[in-house]
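Modelling step: build the complete structure from the supplied sequences, incorporating the hints.
Protein chains in written order, with my numbering: chain X, 1 to 423; chain L, 1001 to 1291.
Since the hints were derived computationally from the structure, they do not count as laboratory data.
Don't take each hint at face value.
Derived DSS-like pairs: lysine-lysine, alpha-carbon spacing no greater than 25 Å straight-line [unchecked claim]: (1) L:Lys1103 - L:Lys1180; (2) X:Lys266 - X:Lys226; (3) X:Lys266 - X:Lys245; (4) X:Lys99 - X:Lys374; (5) X:Lys312 - X:Lys288; (6) X:Lys207 - L:Lys1140; (7) X:Lys267 - X:Lys245; (8) X:Lys308 - X:Lys226; (9) X:Lys288 - L:Lys1140; (10) X:Lys308 - X:Lys288; (11) L:Lys1140 - X:Lys308; (12) L:Lys1180 - X:Lys226.
Here's a subset of chain L near chain X, in silico, CB distances under 7 Å, partners left out [what the hints assert, rightly or not]: (13) Pro1237; (14) Asn1244; (15) Asn1253.
Cβ-Cβ distance ranges computed for the label pairs, FRET-style [as the list claims (entries may be wrong)]: (16) X:Ser214 - L:Leu1281: 53 to 63 Å; (17) L:Ser1042 - X:Ala397: 40 to 50 Å; (18) X:Gly210 - L:Ala1275: 51 to 61 Å; (19) X:Ala256 - L:Leu1021: 51 to 61 Å; (20) X:Lys248 - L:Val1145: 33 to 43 Å; (21) X:Ala263 - L:Val1071: 19 to 29 Å; (22) X:Asn255 - L:Thr1050: 17 to 27 Å; (23) X:Lys109 - L:Phe1264: 18 to 28 Å; (24) X:Ala407 - L:Ile1037: 15 to 25 Å.
All values derive from a computational prediction rather than experimental measurement.
From the three backbone atoms N, C-alpha and C, an ideal C-beta is built for every residue, glycine too.
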Amino acid sequence: MSEQHPSLLARAVTRRRMLQGTALAGVAAFLAACGTAAQSVAPSVAPSAAPSEAASAAPSEAASPSPAASATPIPSPAAELNFANWPLYIDQDSSNPPKSPTLEGFTKKYGTKVNYRESISDNDIFFGTIRPALQAGQDTGWDLMVLTDWMAAKVIGLGWVETIDTANTPQFVANESDHLRNQPWDPNNNKRAPWQSGMTGLGFDTKVVGDQTSLAALWQADPRWKGKVWLLSEMRDTIGLTLLKLGKDPAAATNADCDVAIAEIKKTVDAGIVRSFLGNEYKEGLVKGDLVLGTAWSGDIIQVQLEKASLKFNIPSEGGMIWTDNMLIPKGAAHKYTAELMIDYVYDPEIAAQIAAYVQYVSPVKGAKEAIAKNADKTVAVLAANTLMFPDAATLARTHIFKPLSADEEKYFNDQFSTLQGN
Amino acid sequence: MTALLRRYRFIVPYLLLTPGLVWLAIFYVYPSIQMFISSFWSGSLERGFTFSLSNVHNYTDGLNHYQEQIVRSIFFAAAATVATFLISFPLAYTIAFRAGHYKNLLLFLVIAPFFTSFLLRVISWRTILGDDGLLLGPLKSAGLVGDDVRILATPVAVISGIAYNFLPFMTLPIYVSLEKIDKRLLEAGQDLYATPWSAFRKITLPLALPGIFAGTLLTFIPAMGDYVNAELLGQTPATKMIGNVVQSRFLVNNDYPTAAALSFILMAGILVAVAVYARLLGTEELMSSAG
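So this is what it looks like as structure tokens:
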């Protein structure tokens, strides 16, 4: 790793699962677990996140939670905003410690100090930390949080988010990509605002395996890649792609489908073709050559191409998965109005382009592509032509979403998938 | 004041124990009780958990379901302990008896790698053991091993990772007990026509036993619960240890009851193993002979 440029190294460890499987995560999870255990008896315990928050809530926003719009005077931005997001999921400049031009711009515009924390490395774990407060009807300490759609659907279903007052978010209303609108779990487009989307498909080293377009390759004992194949440890991605390979729709997955998919994956694991189930670490293996073919996230591959140009991402011929991470305002948030201002702000195409150019996932904002194309820096401007960052309709048609699972289904799927992985 | 102290002298040992006891109570006893309670839970994160003694099946279910990983953990930990011993004993022996002026330097070198973080050391082993890494790369290009041979993602990688990471915990106690050996005992043995081998067997080895005992425990116990090596060097379903199961039950599946039950099974298993081991080696006798 020593030959890598520091900034590349930093980028190579993007968000999902970054901490999972490390000792740090063990500690964090244990603390999280303790928090959950204590929730029913100790409502006075403030959630660990952003402790400075609740007490210093700016008086200017005291009125905004009231739904009676007519009686409420126009609120003004609060002094601070507590924003929880995933690691390396917003633009950063090269200063030390790095600053985010987007957040700096927000502070300049509204005078609000943004307490931006990379506190989310796993949907379930983060949810575990805010659940006690939400259940007790208290402020979680966060004004804005970013959760993947299945988790967002769950939290919305539980009634634990504030409704976005869309009068305050005209740019969100105008610029949200059409294909993200009208989700069954948010029919009015006012419970969540997409942050970024990404696709899951085939990632590989073209130098070793050539160009692979079919998921079937993951089941072939080809000497070029046997024992050097990985699958994502994210259940929905791996089971979803396996269902697509089997010609089934991941949006309608049943427990029986899960069994079939698990049996199918077991075949390639037992045959010694698949070596590991990995989160973000697959990128390291790809760069070093221990891994040459597997299931990958689009933005990741675009990022590591900087280190190894022979890497490639394909949406499989059988179809790929698409997922979206969403901004949500947790119920009881102290600075709801300011959170809405932030949502509106990042839906400004210029700002969205700034974020997209750095994180290289799929921006949910219309106009971001055009804004990127106009960038003076040519290496940034070419990103506008990248269909993995700005998928056209044909590309989107080949992607699938995973069914929002009920709690029982989710437990069943997770248990089966864990057993498959040997834990 | 002194009069007061003299009068309540019996309190002093308790006062001295207080910091340690408070520490243990807050960071060990309390979490353990919490964990014990949660091992009798049923339910889910969304709906909340409920306590019931009838959930004792969490323990039997855990044992049945994860037998393979438990057995594998015992095997990996034992193999790593043996490997550590085989490396540590000659090393400690050399440092204690033959190092001369270099004793402190050599001891420092044993510990030196541990100035960097545990995680970084494991990750750097990933580079060393990589399919075309420092170790296999040259062997492969020399044609000594086949192209499809790998060490990463095999039990060998996990066991050697554990062995490496616990090396000082074995080396240092053995060194301490060897260092304390009175050289005159060995000279006396030689005077009585003992061969070097029988002097080693009858004098050095028995006197080193307390160190070996401490070293094996310090290696075996944490190795049993280790999950980082299996996670980062193993990375395959066939190398998962019980620590990985606990981790994934806690983190991925939010199955706190099973995770807690498995933790207690692990704890109980280690206690039993250590008790048997102590019985076999007869520690008390050893400790007194060492003192």
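Structure-based check of all given hints:
{"no.": "1", "hint": "L:Lys1103 - L:Lys1180", "result": "14 Å, holds"}
{"no.": "2", "hint": "X:Lys266 - X:Lys226", "result": "15 Å, holds"}
{"no.": "3", "hint": "X:Lys266 - X:Lys245", "result": "14 Å, holds"}
{"no.": "4", "hint": "X:Lys99 - X:Lys374", "result": "23 Å, holds"}
{"no.": "5", "hint": "X:Lys312 - X:Lys288", "result": "15 Å, holds"}
{"no.": "6", "hint": "X:Lys207 - L:Lys1140", "result": "19 Å, holds"}
{"no.": "7", "hint": "X:Lys267 - X:Lys245", "result": "13 Å, holds"}
{"no.": "8", "hint": "X:Lys308 - X:Lys226", "result": "21 Å, holds"}
{"no.": "9", "hint": "X:Lys288 - L:Lys1140", "result": "16 Å, holds"}
{"no.": "10", "hint": "X:Lys308 - X:Lys288", "result": "9 Å, holds"}
{"no.": "11", "hint": "L:Lys1140 - X:Lys308", "result": "23 Å, holds"}
{"no.": "12", "hint": "L:Lys1180 - X:Lys226", "result": "54 Å, violated"}
{"no.": "13", "hint": "Pro1237", "result": "3 Å, holds"}
{"no.": "14", "hint": "Asn1244", "result": "5 Å, holds"}
{"no.": "15", "hint": "Asn1253", "result": "5 Å, holds"}
{"no.": "16", "hint": "X:Ser214 - L:Leu1281: 53 to 63 Å", "result": "59 Å, holds"}
{"no.": "17", "hint": "L:Ser1042 - X:Ala397: 40 to 50 Å", "result": "44 Å, holds"}
{"no.": "18", "hint": "X:Gly210 - L:Ala1275: 51 to 61 Å", "result": "58 Å, holds"}
{"no.": "19", "hint": "X:Ala256 - L:Leu1021: 51 to 61 Å", "result": "55 Å, holds"}
{"no.": "20", "hint": "X:Lys248 - L:Val1145: 33 to 43 Å", "result": "42 Å, holds"}
{"no.": "21", "hint": "X:Ala263 - L:Val1071: 19 to 29 Å", "result": "25 Å, holds"}
{"no.": "22", "hint": "X:Asn255 - L:Thr1050: 17 to 27 Å", "result": "24 Å, holds"}
{"no.": "23", "hint": "X:Lys109 - L:Phe1264: 18 to 28 Å", "result": "54 Å, violated"}
{"no.": "24", "hint": "X:Ala407 - L:Ile1037: 15 to 25 Å", "result": "23 Å, holds"}
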